Amino acid sequence: MIEWLHPGLILILGAFLIPLFKGKWRQGYLLIPPIAALIDVILMYLGVFGDIPFSTWRLPFLEYELVFGRVDRLSFIFGLIFTIAALIGTLYAVHVKSSSEHMSQYIYVGSALGVIFAGDLITLYIFWEIMALASTLIIWHGATDKAHRAGFRYIMWHIAGGIILLAGIVIYIATTGTITFNVIGWSSSSTYLPSLLIFIGFIINAAVPPLHAWLPDAYPEATATGTVFLSIFTTKTAVYVLARGFEGFDVLIWLGALMVVYPIFYAVLENDLRRVLCYSLINQVGFMLVGIGIGTALSMNGAISHAFGNILFEGLLFLCVGSVLYRTGTCKCTELGGLYKTMPLTTAFCFVGAASISAFPFFTGFVTKSMVMDAASNAHMSLLSILLLLASAGVFHHAGIKVPFFAFFAEDAHLDARDPPFNMLLSMGIAAILCIFIGVYPYALYQILPYPVDFAPYTAPHMIGQLQLLLFASLAFFVLITSGLYPPEQRKINLDSDWPFRIAGAKFMFFFEVPLMSFATWMDNGLKRIAADFTAFGEEKEERVLIGISVMLALIFLAAYLILELLYQWIFS
Amino acid sequence: MDIILAVLAILGFIGYVLLNFGAKLPRHGHGDTFLAIYGLCIVLTVVVGLFVPWHNVFWWQEPTAFYGIYGFAACVFLIYAAKGLRLWLPKEENYYEKKGGMK
Chain F
1 MIEWLHPGLI
11 LILGAFLIPL
21 FKGKWRQGYL
31 LIPPIAALID
41 VILMYLGVFG
51 DIPFSTWRLP
61 FLEYELVFGR
71 VDRLSFIFGL
81 IFTIAALIGT
91 LYAVHVKSSS
101 EHMSQYIYVG
111 SALGVIFAGD
121 LITLYIFWEI
131 MALASTLIIW
141 HGATDKAHRA
151 GFRYIMWHIA
161 GGIILLAGIV
171 IYIATTGTIT
181 FNVIGWSSSS
191 TYLPSLLIFI
201 GFIINAAVPP
211 LHAWLPDAYP
221 EATATGTVFL
231 SIFTTKTAVY
241 VLARGFEGFD
251 VLIWLGALMV
261 VYPIFYAVLE
271 NDLRRVLCYS
281 LINQVGFMLV
291 GIGIGTALSM
301 NGAISHAFGN
311 ILFEGLLFLC
321 VGSVLYRTGT
331 CKCTELGGLY
341 KTMPLTTAFC
351 FVGAASISAF
361 PFFTGFVTKS
371 MVMDAASNAH
381 MSLLSILLLL
391 ASAGVFHHAG
401 IKVPFFAFFA
411 EDAHLDARDP
421 PFNMLLSMGI
431 AAILCIFIGV
441 YPYALYQILP
451 YPVDFAPYTA
461 PHMIGQLQLL
471 LFASLAFFVL
481 ITSGLYPPEQ
491 RKINLDSDWP
501 FRIAGAKFMF
511 FFEVPLMSFA
521 TWMDNGLKRI
531 AADFTAFGEE
541 KEERVLIGIS
551 VMLALIFLAA
561 YLILELLYQW
571 IFS
Chain R
1001 MDIILAVLAI
1011 LGFIGYVLLN
1021 FGAKLPRHGH
1031 GDTFLAIYGL
1041 CIVLTVVVGL
1051 FVPWHNVFWW
1061 QEPTAFYGIY
1071 GFAACVFLIY
1081 AAKGLRLWLP
1091 KEENYYEKKG
1101 GMK
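Here the protein sequences come in this chain order: F and R. Just so you know, this note's numbering puts 547 at position 547 of the first sequence, and the rest follows in order with no gaps. Numbers in this note's numbering are just positions in the second sequence, counted from 1, shifted up by 1000.
Treat the hints as calculated values from the structure; they're not laboratory data. Worth double-checking, as some hints may not be accurate.
Said to hold, decoys possible - Derived DEER-like restraints, expressed as beta-carbon distance ranges:
| # | chain 1 | residue 1 | chain 2 | residue 2 | range |
| --- | --- | --- | --- | --- | --- |
| 1 | R | L1087 | F | M523 | 41 to 49 Å |
| 2 | F | H414 | R | E1093 | 49 to 57 Å |
| 3 | R | L1085 | F | T144 | 44 to 52 Å |
| 4 | R | I1069 | F | A174 | 37 to 45 Å |
| 5 | R | H1055 | F | K97 | 50 to 58 Å |
| 6 | R | L1087 | F | I503 | 12 to 20 Å |
| 7 | R | I1069 | F | G329 | 52 to 60 Å |
| 8 | F | A413 | R | E1092 | 39 to 47 Å |
| 9 | R | M1001 | F | Y45 | 35 to 43 Å |
| 10 | F | A160 | R | Y1095 | 52 to 60 Å |
| 11 | R | E1092 | F | A36 | 46 to 54 Å |
What the hints assert, rightly or not - Facing chain F, a subset of chain R residues (Cβ under 8 Å, in silico):
| # | residue |
| --- | --- |
| 12 | I1014 |
| 13 | Y1016 |
| 14 | I1037 |
| 15 | C1041 |
| 16 | I1042 |
| 17 | P1053 |
| 18 | T1064 |
| 19 | E1093 |
If you're wondering where the values come from, they're calculated on a predicted model, not measured in any experiment. All C-beta atoms, glycine included, are put in the ideal place defined by N, C-alpha and C.
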């Protein structure tokens, strides 16, 4: 047996070596840390470091003990998919020249792995904040004015969430006396407040409406490769901590239901395909939250396997749209069209991703989402089931039809494009193969799930029901688009729940920049005039102002001292 | 039955892909053939659905081809609801810039 090694540490330390390499050497080096981390996680499963579950890398801290390595079936499966995603994402981004962008991506993934393997709340919080900072750096690498401002808005959401989480953790530790991170729940009235604060901190990162606006606002402003990383880790880390801390917590069912339904309307309205996928991401995380909220073995397995699958197929769609952006410089529906002729391989991969997310039989989404759907109907939740079905049709409409149709078909925009470079195609290929592999042979995924699986996805009612839903939904689209009733895409942005903040923020800044500044300037000039009259020394006006201000300050301090002294005498005599 | 289902699932996927090709070029080349295959898939899902032993939990799952009808209605509802939301939500691309301050 050998000593366990933290896969997050491999990536974080690996990040700092990137600037030492140049050119081809760097492209080669970039793949080493993710591959090493992936091998590390696979070795964990093989029991090289000891039988799962175990916890290691304990560090005394004050009167507590920090645990950096808690490995059980839940943290293992997230560790596995995170390292697979890191490898796919890195392969996709290998051609990017900026070392600082690669470094932020590695630190981001490394800290996400830090959260996954953290056994206590303090370690979790530290990595949680590193993740927020590193993801902001990724957004800023978009290197546009818009990315810069969106990054500031993004970090404001996450600092707010981080402070709420920290407050919750501190009160939780003070009331329970333990820092171990397990089920937090609503066990007693004394832990009600800290649990609620921790819960809010978690759901901000899960992007639950109305606390979701940072996601479609900031993610699409990063580079084509940066958005791929962003779309994977923050939300899935939140899913992990909710699965660990708030399993079977009823509120999550209805927050999840809100999450699956709310964004599908926005996804239809949205013109920017990366924003469409961001709304789709919120919708997908909603399915996971519903599964965690129901809290049965089937629903938990459904939530976790859907997180696993979603990283692959949502990631694949981001890879495809990123490739379109890389080749054409845009990913807006109004500017794209007809790319299937010039980007055939990307089109094919996009269909695999779209079919997976829409849950076509023999693709990943079908074997993962149907677990959550079945868990809802097994729990006899009628309204929830009908909402989840509506959301499934919605996913198919925006991710299954809108993304491939408007990017690769629709009206030919005669853009000059071709398939992206080999490394990008290869990463899309790996993601696509995994999407189909899990769809065709779901037991590979089922056997690493945390709970024993007793579920058969390929039954006649599942398959026919799903095919009817999908094909008739596409028929509705077809009828509307051929008859010209489908509303055309518009070059617009859509207001979302951050509208009041952004307008109030604008007013707040306006107050400081205009009325308050002119008042300050007026005061300043008046003071200088008075100061200049205080002294007869000095030839120039500037000199007189300087001396005058010194005299004034001396007088003010003297007066303040006298007043304080008098007050002191008056109070204590 | 298993084989019919598997073939139908694959046909359904092919139909869905062909729809994308066919939707904008029904008058050129293979557009009509593509759409015919797609149409055939839709009919087949309903026909096979008649012989499937459904395990319904809720009363609303009972009608024939419920999932098809619901999928169609959901999609139409979604598109028209979004069309309604267009009255309020979409703004010019530089909306926040015009509002000044926190751009």
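For each hint, the structure was consulted:
Between R/L1087 and F/M523 the C-beta distance comes to about 47 Å, which sits within the given range of 41 to 49 Å. Judged by the Cβ atoms, the range 49 to 57 Å given for F/H414 and R/E1093 is violated: they are separated by roughly 23 Å. A hinted range of 44 to 52 Å is violated for the C-beta pair R/L1085 and F/T144, which are about 28 Å apart. At about 56 Å, the CB distance of R/I1069 to F/A174 disagrees with the hint of 37 to 45 Å.
Taking 50 to 58 Å as the suggested C-beta distance range, the pair R/H1055 and F/K97 conforms, at roughly 56 Å. For the pair R/L1087 and F/I503, the supplied restraint of 12 to 20 Å holds, since their beta-carbon distance comes to about 19 Å. Distance hint check for R/I1069 and F/G329: the Cβ-Cβ separation is about 42 Å, which falls outside the suggested range of 52 to 60 Å. Against the hinted window of 39 to 47 Å, the Cβ-Cβ separation of F/A413 and R/E1092 comes to about 22 Å, which falls outside the hint.
Under the hint 35 to 43 Å, the C-beta atoms of R/M1001 and F/Y45, about 37 Å apart, fit the expected range. F/A160 and R/Y1095 have their C-beta atoms about 24 Å apart, which leaves the hinted 52 to 60 Å range violated. Range check, R/E1092 to F/A36: Cβ separation about 49 Å, and the 46 to 54 Å hint holds. Checking R/I1014 against chain F: minimum C-beta separation of about 10 Å lies over 8 Å; hint violated.
Against a cut-off of 8 Å between C-beta atoms, the interface hint on R/Y1016 holds, since the closest Cβ of chain F lies about 6 Å away. Interface hint status for R/I1037: violated, as the beta-carbon distance to the closest one in chain F is roughly 12 Å, over 8 Å. Hint status for R/C1041: holds, given a least beta-carbon distance of 6 Å to chain F, under 8 Å. For R/I1042, the suggested interface contact is upheld, since its CB lies about 5 Å from the closest CB of chain F, less than 8 Å.
Interface restraint check for R/P1053: the shortest CB-CB distance to chain F comes to about 7 Å, inside 8 Å, so the restraint holds. At about 10 Å, the closest approach between the beta carbon of R/T1064 and any beta carbon in chain F exceeds 8 Å, and the interface hint on this residue is violated. Because the closest C-beta pair between R/E1093 and chain F is about 5 Å apart, less than 8 Å, the hint holds.
Violated hints, listed in ascending order, are 2, 3, 4, 7, 8, 10, 12, 14 and 18; each of the other numbered hints is respected by the structure.
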